[in-house]
Structures are given as structure tokens and as C-alpha cells.
Amino acid sequence: KAGVTQTPRYLIKTRGQQVTLSCSPISGHRSVSWYQQTPGQGLQFLFEYFSETQRNKGNFPGRFSGRQFSNSRSEMNVSTLELGDSALYLCASSLQHGTGGERNGYTFGSGTRLTVV
Amino acid sequence: GEDVEQSLFLSVREGDSSVINCTYTDSSSTYLYWYKQEPGAGLQLLTYIFSNMDMKQDQRLTVLLNKKDKHLSLRIADTQTGDSAIYFCAEVPDSSYKLIFGSGTRLLVRP
Numbered sequence: 071k072a073g074v075t076q077t078p079r080y081l082i083k084t085r086g087q088q089v090t091l092s093c094s095p096i097s098g099h100r101s102v103s104w105y106q107q108t109p110g111q112g113l114q115f116l117f118e119y120f121s122e123t124q125r126n127k128g129n130f131p132g133r134f135s136g137r138q139f140s141n142s143r144s145e146m147n148v149s150t151l152e153l154g155d156s157a158l159y160l161c162a163s164s165l166q167h168g169t170g171g172e173r174n175g176y177t178f179g180s181g182t183r184l185t186v187v
Numbered sequence: 030g031e032d033v034e035q036s037l038f039l040s041v042r043e044g045d046s047s048v049i050n051c052t053y054t055d056s057s058s059t060y061l062y063w064y065k066q067e068p069g070a071g072l073q074l075l076t077y078i079f080s081n082m083d084m085k086q087d088q089r090l091t092v093l094l095n096k097k098d099k100h101l102s103l104r105i106a107d108t109q110t111g112d113s114a115i116y117f118c119a120e121v122p123d124s125s126y127k128l129i130f131g132s133g134t135r136l137l138v139r140p
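Sequence order for the protein chains is A and B. If you count by our numbering, then the first sequence holds residues 71 to 187, one letter each, in order. If you count by our numbering, then the second sequence holds residues 30 to 140, one letter each, in order.
Next up, chain B with everything else stripped away, as it sits in the complex:
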């Protein structure tokens, strides 16, 4: 079945690292995404990873992929108050032409 799971809430102190976890179900998904949503806004693509990669780094963002366990994580280094938002992971099952989203993780960054 199609199901992407995420923890609902994460609170960190400014300057610390944040790690948001996600599990997905469809092994045919070629790409996996992380999106950010701020209040009242649409979805902003943060980064993506190709399924044959284990890790991708993009400035403060590091994505780790464990394909065997279908586990994806997003690490945000030096988390800032502006990083407070909801973060969604998503997969695109092969030939489906659709994103399947997790329920979102609300990240709260405390000063």
C-alpha cells in the first residue's frame, strides 16, 4: 500500500541540529523529496535524493537514505528560528505521476 510516515513534532534549541525521520513503503520510488511549509504558504522544495544514493548534502541540509529499511532522514545543521515550519517527506512511486506525502513534522526552534 501507499503510506509515508513521519513523527508529528520536534522541538530543538537554536543552533542545535534537527533530525526529521520518515519511512516510506514503495520500493519503486525513484526519487524522495523533502518539502517545507510555512504558515499560510504553499510547499517549498528543500531537497531530493535519488534512490541509488545513500546521502546527499546541500549546505545545511543532509539527507540520508536507507533503501533496505525504506527510511529517510533530513538533518538540518545549526537550526535557526526561521527553520520553524512543517516538513513533509514524499515519494513518487514509479509511473504514478503523483507525490505521496507523509503527515508532516512540525519543527519548533526555541531561541
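Bound conformation, chain A alone:
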């Protein structure tokens, strides 16, 4: 079965612009979460959605937002881009609750590499 698909793979934006990243989870998975990976801060949790509801949010400014659609696909948006937003953004999907284990483990996409210039 198809894995987690993230689009686009690479993106270059200018400071002050906004960007939307997309994530299509594995078919049947209802939980989608987002992570930011940078050399300085490592992997940090952004937010998690289950059945279109945000269940948890990381410690990021309000410029970072997301949503999930009825087909479980998710988007995240970053407005007023800053140089420090340059990162690899990873999406993960989980079958149900995202609490772990074989049935509820997290599968990651290949990521979107965002460069802000």
C-alpha cells in the first residue's frame, strides 16, 4: 500500500511570504501529525490531528497552523515566513490513536524541505 505522501518535496520562499505544505496519510489512517526538523533544535512536534480535530499542539508561534480534511489529508501553513523557519517538515500518520504499538505506530513521509531566503 502507498506510504505517507508529502508535497512538495522542496520549496524555496522569501521572507514574509506564506507557505502551505500537504500530507496524504496511509489509506485508513486517521491520525496525522507534523514535525519540524532543524540542525539546531532537532525534531520538534508541531501538531496532531485526528478526525479533523487538533488534539495537541507544540510550542510554536501562531504563524504555524494546520488542518485536516474529512479524507484525513492534512495541510500545514506557515505565514510571514522567517529565515529560522527553514527546515525539513515531516508528516506522520497513524492508524487510530497514535499512542503506539504495531497497530498505532507512526509512519513518516519523506518530508518537505523548506528554504526561506
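Note that these hints are calculated values from the structure, not bench results. Zero decoy hints are in this set.
One-sided excerpt, in silico: chain A residues whose CB lies under 7 angstroms from chain B:
#1 112
#2 113
#3 115
#4 118
#5 125
#6 126
#7 160
#8 178
#9 179
#10 180
#11 181
Ideal Cβ positions, reconstructed from N, Cα and C, are used throughout, including at glycine.
Given chain A, work out where chain B should sit, using these hints.
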């Protein structure tokens, strides 16, 4: 607080065993994970362990869990050059719906 710690770098010779260590803080974490990341790629789930287990073996991989000390280790037997990558341990605190990652251990396998 939420904190997962790992050593930053490990270098081994091809054919030797590698042991990557990790300490975590949240005793409510039911599952603990090991992920592998190769250059330019996303995260690949290697294995996980349930918190009521002490050990789990999966082919060349052995995970040891010391719940009392909140210490997790990943042993890779017969390490190959293709195992060169960054390895992350992660925990999922109960009802948090999020993975908390360590900083990653860069494994270099020398021929």
C-alpha cells in the same frame, strides 16, 4: 519535563556490534521507538518496545529497556556500512499523541 537524551556520535568497524543508548524522562510512555534517518530522507521505523518488556529482538536488532532507570538501548549485530545513518529514540507520553525525540546518534560504520 520532556527530555530524551542520546549520545551524539558512534563509530564502529564493519562486522562489529553497535550499541546506541538513550534515556527518557516520562514514565507514562507506553511505547518507546527507534527510528533511522538516512541523508535526505524521512524517518524509518526500525523497532519499538512495549514498556512492560525488558527486551525485544528483531533479526539483527536487540532493544533493551530498563524501566527503573528509564534507559533504552539499541544493539545492531554485525553492523554493515548500510547501517550508517542517524538513529533516534522516541517516547510517546500517555495521551499526548506526540513523539518526543532524542537529538539523534550519528552512526558511522568504517569498512
